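Number of protein chains: 2
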Amino acid sequence: MPTPERTSLEAIVAAARDLLETEGLPGLTMQAVAERVGVRAPSLYKRVQGRDQLVQLVAEATLVEVAERLEASTDLIDLVDRFRAFGHERPSAFQLVMTPGPGVPTARPEFGAATSGPILRHAGALAGEPEALEAARTVTAWAAGFVSMELTGGFGLGGDVDAAWRFGAERIVAAVGSGAQGRDLVS
Amino acid sequence: MPTPERTSLEAIVAAARDLLETEGLPGLTMQAVAERVGVRAPSLYKRVQGRDQLVQLVAEATLVEVAERLEASTDLIDLVDRFRAFGHERPSAFQLVMTPGPGVPTARPEFGAATSGPILRHAGALAGEPEALEAARTVTAWAAGFVSMELTGGFGLGGDVDAAWRFGAERIVAAVGSGAQGRDLVS
DNA sequence: ACCTGAACACCGTTCAAGT
DNA sequence: ACCTGAACACCGTTCAAGT
Chain X
222 MPTPERTSLE AIVAAARDLL ETEGLPGLTM QAVAERVGVR APSLYKRVQG RDQLVQLVAE
282 ATLVEVAERL EASTDLIDLV DRFRAFGHER PSAFQLVMTP GPGVPTARPE FGAATSGPIL
342 RHAGALAGEP EALEAARTVT AWAAGFVSME LTGGFGLGGD VDAAWRFGAE RIVAAVGSGA
402 QGRDLVS
Chain F
222 MPTPERTSLE AIVAAARDLL ETEGLPGLTM QAVAERVGVR APSLYKRVQG RDQLVQLVAE
282 ATLVEVAERL EASTDLIDLV DRFRAFGHER PSAFQLVMTP GPGVPTARPE FGAATSGPIL
342 RHAGALAGEP EALEAARTVT AWAAGFVSME LTGGFGLGGD VDAAWRFGAE RIVAAVGSGA
402 QGRDLVS
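Protein sequences, first through last, are from chains X and F. Position in the first sequence (from 1) plus 221 gives the number in our numbering. Position in the second sequence (from 1) plus 221 gives the number in our numbering.
Hints may be right or wrong, so weigh each one.
Unchecked claim - Calculated from the model, a selection of chain X residues having no Cβ within reach of chain F, i.e. all distances over 12 Å: (1) Thr228; (2) Val258; (3) Val260; (4) Tyr266; (5) Val269; (6) Thr295; (7) Ala306; (8) Ala346; (9) Glu352; (10) Glu371; (11) Leu372.
Stated by the list, open to error - Simulated restraints, written as ranges between beta carbons of each label pair: (12) Thr224(X) / Ser229(F): 44 to 52 Å; (13) Asp299(X) / Glu226(F): 28 to 36 Å; (14) Glu286(X) / Thr250(F): 32 to 40 Å; (15) Asp302(X) / Ser264(F): 17 to 25 Å.
What the hints assert, rightly or not - Taking beta-carbon pairs under 7 Å as the criterion, some of the chain X residues facing chain F (in silico): (16) Gln316; (17) Leu317; (18) Glu355.
Worth flagging that the hints you see were computed from the coordinates, not collected in a lab. This one's a predicted model, so the numbers in the text were calculated from it and none came from an experiment. C-beta atoms are modelled at their ideal positions from N, C-alpha and C, and glycine is treated no differently.
Taking the hints into account, I'd like the entire structure generated from these sequences.
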């Protein structure tokens, strides 16, 4: 006799994302997720292989959302500003996705690739197609590193963090485009 | 009647650092550490407040070591190369220190400050003192982000990661120094 | 077909009891 | 003064039993 489903994978992932942000990764337990979706912990294993896979699904859902936000960006400066804004809104999810600690499950590569579309587009326009990938990686690494460090207090005390962000954004965007400009001048 | 000490804080931290690298952060358990130093888990609480503090001590010891390595650097390119080399040698410790995941204990600020000495020195020489801090943060953010992403597979598949590193290092060092150069030309 | 209680192995942590 | 076994609360996970 079939039993009606009392929850869903979507509800489980949503509860996990909530818990991650409110309680941190250690608070994202199977029991807490189960309670939120109105079920006992063992029932989660009908929809999810285990906690590690659930964390991975949270990371992937986060990447999809990041990709959506970046799609709307108009240029590279706007893109990194949106990227940073997401980090401030959802610090735990941002860290999970961009800089998972040692031993933390990560998203499958396809999901990382989804976010690189808009970055590659803007980076290519600026640096030229041959250097698009390297330019995109330079910008991404800087932005991810910067936001991750400010979220974990890596910048220590003192100084104007917003000013350092603008400084970095302007200089890096200029630097990444400098090769193409040089070549244009010569050709 | 006093009992002879059967272990020490140094031995505990050393065992924890070993475990972090060989087993990952989840494998860094109080029981595993206790076994390595030849003691039962409860005895660890004579020297350490708890697992979180032990992880913090590991992070701080790692930062001291990173600072030592960076001290030897001759210029900014050399410095970031040493920084990256450390990440490749000790990936888990590197991630713990530079990009701890959400909920992972972090080092006290003094220890982060220790590593910024050599960075500030080289960045100041390049960008000028007024912009030294912003230049240092730009370089640090890029390097930390880059190495963290390559360690966690964040760059997806394909492409020449070493080439992207050299591209970024050269462009960023140039970009960070561009303001001072410009001012020199005008003055 | 889905959900549950019970159980297992394994955590971190506390504490009274040993020496 | 340090170490230990026992105990507790809490994990993730498995599985036989319920409906």
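Here's how the hints hold up against the structure:
For Thr228(X), the shortest C-beta to C-beta distance to chain F comes to about 24 Å, beyond the 12 Å cut-off, and the non-interface label holds. No beta-carbon of chain F is positioned within 12 Å of the beta-carbon of Val258(X); the least distance is around 21 Å. Taking the minimum C-beta to C-beta distance to chain F, about 24 Å, the non-interface status of Val260(X) holds against the 12 Å cut. Annotated as non-interface, Tyr266(X) keeps its C-beta farther than 12 Å from every C-beta of chain F; the closest such distance is 20 Å.
Every Cβ of chain F is farther than 12 Å from the Cβ of Val269(X); the closest lies at roughly 18 Å, confirming the non-interface assignment. The Cβ of Thr295(X) lies farther than 12 Å from every Cβ of chain F, with a closest approach of about 22 Å, so its non-interface assignment holds. With 12 Å as the threshold on Cβ separation, the claim that Ala306(X) sits away from chain F holds: the shortest Cβ distance comes to roughly 17 Å. For Ala346(X), the non-interface assignment is confirmed: its Cβ lies about 17 Å from the closest Cβ of chain F, beyond the 12 Å cut-off.
In this structure Glu352(X) is not separated from chain F by more than 12 Å, as the shortest Cβ-Cβ distance comes to only about 7 Å. The beta carbon of Glu371(X) sits about 9 Å from the closest Cβ of chain F, which is not more than 12 Å, so the claim that it is off the interface is violated. With a least beta-carbon separation of about 9 Å from chain F, Leu372(X) fails to lie farther than 12 Å from that chain, contradicting its non-interface assignment. Under the hint 44 to 52 Å, the C-beta atoms of Thr224(X) and Ser229(F), about 57 Å apart, miss the expected range.
Here the CB-CB span from Asp299(X) to Glu226(F) is close to 59 Å, at odds with the stated 28 to 36 Å. In this structure the hint that Glu286(X) and Thr250(F) lie 32 to 40 Å apart at CB holds, the actual value being about 34 Å. Distance hint check: the CB atoms of Asp302(X) and Ser264(F) are about 51 Å apart, inconsistent with the given range 17 to 25 Å. Because the closest C-beta pair between Gln316(X) and chain F is about 5 Å apart, less than 7 Å, the hint holds.
Below 7 Å, beta-carbon pairs count as interface contacts, and Leu317(X) has one with chain F at about 6 Å; its hint therefore holds. A cut of 7 Å between beta carbons decides the hint on Glu355(X): the least distance to chain F is about 4 Å, and the hint holds.
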